[in-house]
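Peer 1: Here the protein sequences line up with chains A, B, C and D, keeping their order. Following the numbering used here, the numbering of the first sequence begins with 1 at its first residue and continues without gaps. Following the numbering used here, the numbering of the second sequence begins with 530 at its first residue and continues without gaps. Following the numbering used here, the numbering of the third sequence begins with 1076 at its first residue and continues without gaps. Following the numbering used here, the numbering of the fourth sequence begins with 1355 at its first residue and continues without gaps.
These aren't lab readings, by the way, just hints derived from the structure by calculation. Just so you know, even glycine gets a beta-carbon here, dropped at the ideal spot from N, CA and C. One or more hints might be untrue.
[Claimed, not checked] Derived DMTMM-like pairs: lysine to aspartate or glutamate, alpha-carbon spacing no greater than 20 angstroms straight-line:
{"no.": "1", "chain 1": "A", "residue 1": "K129", "chain 2": "D", "residue 2": "E1404"}
{"no.": "2", "chain 1": "A", "residue 1": "K123", "chain 2": "A", "residue 2": "E136"}
{"no.": "3", "chain 1": "C", "residue 1": "K1245", "chain 2": "B", "residue 2": "E980"}
[Stated by the list, open to error] Not close to chain B: a few residues of chain C, all C-beta gaps over 12 angstroms, as computed:
{"no.": "4", "residue": "C1162"}
{"no.": "5", "residue": "G1213"}
{"no.": "6", "residue": "I1221"}
{"no.": "7", "residue": "A1246"}
{"no.": "8", "residue": "V1249"}
[As the list claims (entries may be wrong)] Covered stretches of chain A (in silico footprint by chain C; criterion: 3 or more residues with CB under 8 angstroms from a CB of chain C, positions within the stretch not fixed):
{"no.": "9", "segment": "231-240"}
{"no.": "10", "segment": "378-386"}
{"no.": "11", "segment": "395-409"}
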Amino acid sequence: MWMKTVRTAVAAAAMGLLATGAMAQEQPKPGGTLNLIVQPEPPTVMLGINKLGPVSFVGGKIYEGLITLGLDLKPLPGLAKSWEISPDGLTYTFHLQQGVTWHDGKPFSADDVVFSFSEFLPKVFARTKAAMDRTESITAPDANTVVFKLKQPFPALMMVFDVTGGTIVPKHLYAGTDYQKNPANQTPVGTGPFKFKEWRKGAFIQLVKNENYWQKGKPHLDNIYFHIVPDANGRSIAFETGKVDVLRGGDVENFEVRRLGELPNVAITEKGWEFYDPIAFLNINNRNKPIDDVRFRRALAHAIDKNFVVNTIFSGFGKPVDGPFTYITPFNDPAVLTKYPYDPKKARALLDEMGLKPDASGTRAELRLMPLPYGETWQRYAEYVRERLVDIGIKVKMESVDVPGWVQRLTTGDFDISFNFVYLLGDPAMGITQTYISTNQLNRGTAANVDGYNNPEVDKLLQQADTSIDPAERKRLYAEVQKILSNDVPVLWTHQMGFPTLYRTKVRNLITTGLGMNETFADVWIDRK
Amino acid sequence: MTETLLDIRDLRISLPAGADRAYAVDGVTLALRRDEIMCIVGESGSGKSLLANAVMGLLPGAVRIAGGSIHFDGTDLARLDPEAYRDLRGRRIAMIFQEPMTALNPIMTVGEQIDELLVAHGMTDKAARKRRVVELLAATELPEPELLYHAYPFRLSGGQRQRVMIACALALEPDILIADEPTTALDVTTQKQILTLIRDLQARRRIAVLFITHDFGVVAEIAHRVAVMQWGKVVEEGTADAVLRQPQHPYTQRLVAAVHGLSARPALAEHAAEPLLEVVGLTKTFRTTQGLFVRRKREVHALRQVSLTIHRGETVGLVGESGSGKTTLGHAIVRLVQTDAGEVRFRGTDILAQSGSALRATRARIQMVFQDPFASLNPRHSVGRILTETPRIHGVPKAEAEARARRLLELVGLDASAFGRYPHEFSGGQRQRIGIARALALEPELIVADEPVSALDVSVQGQVLDLLADIRRRLGLAMLFITHDLRVAAQVCDTIAVMRRGELVEIGPAAEVFRRPQHEYTQRLLASVPGGEWADGPIREIAGQA
Amino acid sequence: MIEVAGRLVRNAIGLAGLIFLALLIVLAIAAPIIYPGDPWRMVGSPQLPPLSPGFPLGTDALGRDVAAGVVHGARVSLLIGLVSSLCAVIIGTCLGAVSGYFGRWVDDLIMRFTEFFQTIPSFMLAIVLVAIFSPSIGSIVFAIAIVSWPPVARLVRAEFLSLRSRDFVKAAVVGGQSPLRIIFRQILPNAFSPIIVTGSLMVASAILLESALSFLGLGDREYVTWGFMIGAGRTMIRQAWWLSAFPGIAIFLTVLALNLFGQGLNDALNPRLARKGRA
Amino acid sequence: MKQLEFIAGRLVKAVIVLLGIVVLAFLLIRATPGDPAAVLAGEAGAVDAEFMERVRAEFGLDRPIAEQLAIYVKQIATLQFGESYRQQRPVIDLIAERLPATLLLTMTAFCIALLVGVSLGVTAARHVGRWPDMAITVMALVFFAVPLFWIGLMAILLFAVKLPWLPAFGMETVGADLTGFGAILDTARHLVLPATTLGLFYIAIYVRMTRASVIEVMDLDFVRTARAKGIPEGRIWRRHILRNALLPIVTLASLQAGHLVGGAVLTETVFAWPGVGRLAFDALLQRDYNLLLAVFIVTSALVILFNLIADLVYAFVDPRIEVGA
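Chain A on its own, in the form it takes in the complex:
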């Protein structure tokens, strides 16, 4: 079943490439309005102070980072036109674009970059703070150069210079103020190709072309509207009736993507998530009995059919995985993994071996199951898992929660089984370590090691790998981590997630980098006949 899906995906990707090739010859047509949907409505579009998905989506057009990341995760120029990393991995030097101005007309300089990384971002964003804690100094030797000096090597550092982790904010508006409460947040001022125009709360956000954008001749679009449509059906109708031109992954349920994808002049792509690289797994609380027994965890792994999950529940978007890495990261090494194919018999045998025999009603153990409150697909997923667990004799009590309830219970360890997906963020040091290292457990967010997995050997390997500058060495160390983790099953990995983007083919150059829809859209244009 999923082979077919893969073929479809490959075909789609090939067509996409061809299209890109063809378009390269096409002359972009200026003007036009792009209609998008932002879901859910963001609390703000000042990307500096809030890193929520929808904020990055909208704010990514207003603000810029020093770099962006290609589909292959190679850094590409942004506000920095070039950069050097010293051989010891301790000094990062960025050379900035020239002639850049802020939307309010003030000139952009290295001071803004230093302010952003040394003062602004560490205050508001934990991920950047953690990275900047590794620096010894951030300096601007001249108006167009910024130098980061590290205390010890950290090869993942480049991954915080994208627009989300490394939003460059105007120093002249924020220096010495309360960032969260600064009134300038209501009228964001960035360097990006689009300027903030209007936000009708609950209805839409409008951005307009920045005439003074530093890339001459760009952007091509005059307007971007982000419509706010809280109901999934409404969103799919909006696309169907042509109200909007693009649906981001997650805007509509996957099964709707399949249907909408078959409309004329509509294309689906799964590209544009390479940097975020989402992986789905089931959190299982290793602290609780009987989950603390590895045999039990393995039995759970055998009980769930990943192919069914991907093909039926997620409508064929995504790819089953057997370990903590996805097929996107270069450190992935499927060969070392212990695999747990779908096999209820084996699962029951493992439970028998543990001494968990079925009682009169066929129950061996009882667990609480907390669904991820992110829509119907996840709900079906929870129902599926519950049904599978009941099948192997584990009674399941479904405990529904809303998002804050889920966050609270997950981050305080008040669960047996729950669902989750996390972003791997381009480098294991960013996206893997946090989930498996024993020092990052409760009250550290949902991507932390909430399961309470504790293996000193893994801790040591992760720390070594994160700070090593030798790619081969890192690959070896991470392979070792994968081997141990897949043996210990601290969580139940199911699949690398696919977030398909639906768009009308008249929209050109929509997804060109690993940041996908969060890109600046300076190159996007609409083909009008």
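With the hints as your guide, set chains B, C and D onto chain A.
Peer 2: Chains B, C and D in isolation, oriented as in the chain A frame:
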């Protein structure tokens, strides 16, 4: 002179299927002539109101004319088209109703309601209409007609509203006025005024009046001719004199006999000298907050320093008009209302201070009989339960309570089979008997009877009053008998106490009070009793013996 | 009572409601026999349309039998409707009775309290209550009861205000009966008919309210309810209309039947009004 | 003068009820599981203890609940509703942005429901027991029995997708930049589906109430009096029956108008209508206490306001209520 305005021939009005009889009005033939007042007399269910409504063409949906004819001034009303009939109503035939409180639209001013009648019948000149309305209000002796024009009905008393209704009815000088029990809901002094007004207006304008009533006193007061109806048929018809003084039909005779004169009967039994209940300086003021907008306090002095003694075996009649405080006094004695000051001594003990078991014991000694036989019995309880529940609470064993209940049923003249039945299976009079039996179930010494016969038809009234008298004699009970009807009071009471606006204005032996009323108000009350002269006259005595 | 039943039977519309409800209750009770086992089980291929062999109402995205869901859903939906209405009626009756019987400051106090619950936007209150206690059958029943009782309290109070001045109540007081006895043995039985009518209509509203909560994702995921089925199926309305259509029809018919029954009951309990209606 | 006194009295009462609601809502909302600091931190990308501490301190969430309540009540007393945790803006601004949309939607629905419901109810009552009565009663029942969101979905599918006559969602054609009459027409087109959907349920209610009320008044004595006076049927209906029968409906309706404001969550969700109901629901999902509380208080205040209007309307049309006399 004797032109026949309304000619009803062999009229039949059918009731919907499932009613207690097929025809509400069954072959009635009547003629109403100009310049006369004709009374149609009958008890409830006699069909007299439907007859009136049939003339107006206002029968309720399911009720239809099944036969016969009604001719008005030579026109067959049945053949009239609806629009012509409508124009006839109000212009040539007018009608007033029993309940003045509900007969006026609450959200239109008095003036508007008369005015719209004028408009409906083609009077277009606005100023003329206004003049006419004011004139009419003045003609019905309403005060300050100019101001009244803009008043809403709720500001008017019952009597005033009835006057407005009459003004309305007479607005276009109709040929016929139909009055359906127009004074039944009014106090006796007001009734007198309204009757006088109708009589005067009739005489002055020489119209025909069809006056429907159940009260022979009223008949005596106003009628030129009388038709007596029973079960949908006219059983007797004649001049007022003839019917009142020489009733021919047994039914008429029975009704006439039931109307007692005001001369009190001689005291039934000597009551003991020792007081059973002493009311001393009892005072009660109701304070209500009124008005949605300004919560303004209004005080009603229901009882002002009322003192009264009831001896063992004595029946004290408490009379007065509505709002005089008589019911409040009754309720105070059985402790249904809290009083502000004063004492109620029962056998020398102030029962107002009692509570708990002492109060319970007293409650058993003083019981009450209520006015409305439909509301006073719990519709969900069987008669047996109604009669045994209270004794059981007071500790009477089940078997004994039941035995007692059966004895009581016999005592009040009901079949023992009533025990297992429910209140709705009984008639009004029978229910009142059950109510009396309930009061007796605790073997009380004093009964407070609050208008116990007011809701009953005249003929049934007599039976219940006889029962009460009988029980009183057999059980030696004392009774506080509250009534607005002086005739009823004259029939049963040893002592009469007259109340007005919370004050006891006169008290004395019944015969004394009726013969030589001392207080001006008592005199006025007595003078207002309709048909007084006739009822006390010698000829009625003969009729009574018939 | 027999008379009332007789009148109800003669009232064709009310009878239709009654018969439907009776069938529904039988179906709900017999659910484990008709569709044994867990209705959550995946028994067929995903998204079979209605009238597929073995699946008269089709299957859902995971291959679960829609018919089994509708039948099992009847149990829970009816249970939630009945229990929450019962709770609301009990709360409302007690408060309304005490308020109407004692009057004065007790009445004032209780009525302020009632006003208070009537002032807070009730649907939002229900949502917050369910969120507080996290969605479960218990919290949903509780929330529905809490937002539903005030009208009952007002109704019962009004009934008591009019009944307490009836002479039979005075007779009971004069007979020395205690207030509690008078409230529950004398007055309440006479106020039963409007309470029962309101209650039967409230069951309908409760079922709708539960479905609305489920629609917003605040249902108990342990059990299949109609509201849940609609909420879950509505996103697939373009792929598989039957997922939300059948439970929708089930709610519609049940609420309709409850209303018809309530109206029939009303006519049967108030023959005066019914006759008026026919006249 | 006395009207002022009355209004002052009612306001005092309203303030007491509101105060109670503030306390109750505060405690209820604080009782919901889920830490707003954790939600905010989660949203901000990654969580660290310091960030959460700062958020808690900023909004006073680190103090004892009683103290928080006291502070909040004190704030409310000076009409300070505080700031939204999530949006970092005064909640009163957020509500002010959304309230007009909700009022437009609910009041339109309310007017549709009242107009249609009352006319149908009167028609049913005039033909009581005959086929128009049956038809209207059954129709009202159907409206009452179908879940609102279900009708909404069906209406969108039918009128916006299959027959693309009307816009499916939102309040305006975004980007059309219409002005004047065009803008009004555009909003009106967007309003049709949601307002009708929301109105249907209430139509059912008003049909029932009106029918019962008219049937009751039809049999009252003063109607008989009017007939006896020879007043034409048309006028009897207009001046006597309808005016008396609609009095309680109008007041009851204005009470409900207040509740509609808080009850439009579902409609706003289905039709992406940028209103307060949805704002409140989102605030709950984000544990934005200040915002949710403020919505509760504002909507409750609206209900009280509508009650007051209802009283005034009643007093205006019913002379029995003594206006200050």
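Peer 1: Checking the smallest CB distance to chain B, is C:V1249 really beyond 12 angstroms?
Peer 2: 5 angstroms, violated
Peer 1: Take the segment 231-240 of chain A, compare each residue's beta carbon with every beta carbon of chain C, and decide whether three or more fall closer than 8 angstroms.
Peer 2: holds (count 3)
Peer 1: Beyond 12 angstroms from chain B, beta-carbon-wise, is C:C1162?
Peer 2: The claim stands: C:C1162 keeps its Cβ more than 12 angstroms from every Cβ of chain B (closest is about 25 angstroms).
Peer 1: Does the structure keep A:K129 and D:E1404 at a Cα separation of 20 angstroms or less?
Peer 2: 11 angstroms, holds
Peer 1: Against chain B, does C:A1246 hold up as non-interface, every C-beta pair farther apart than 12 angstroms?
Peer 2: 6 angstroms, violated
Peer 1: Given the hinted pair A:K123 and A:E136, is their Cα-Cα distance within 20 angstroms?
Peer 2: Holds, at about 17 angstroms.
Peer 1: For C:K1245 and B:E980, compute the direct alpha-carbon distance and say whether it is at most 20 angstroms.
Peer 2: It holds: about 15 angstroms lies between the C-alpha atoms, which stays within 20 angstroms.
Peer 1: Quick one: see if chain C covers the segment 395-409 of chain A, three-plus residues with Cβ-Cβ under 8 angstroms.
Peer 2: Satisfied; 7 residues make the cut.
Peer 1: Just double-check C:G1213 for me: nearest Cβ-Cβ distance to chain B has to come out over 12 angstroms.
Peer 2: Since the minimum Cβ distance to chain B is about 35 angstroms, C:G1213 lies beyond 12 angstroms and the statement holds.
Peer 1: State whether the coverage of the segment 378-386 of chain A by chain C holds or is violated, taking the criterion as 3 or more residues with Cβ-Cβ distances under 8 angstroms.
Peer 2: Coverage by chain C holds for the segment 378-386 of chain A (6 residues, Cβ < 8 angstroms).
Peer 1: Hey, is C:I1221 genuinely clear of chain B, shortest beta carbon separation above 12 angstroms?
Peer 2: 30 angstroms, holds
The structure fails hints 7, 8 (numbered hints given earlier, in ascending order).
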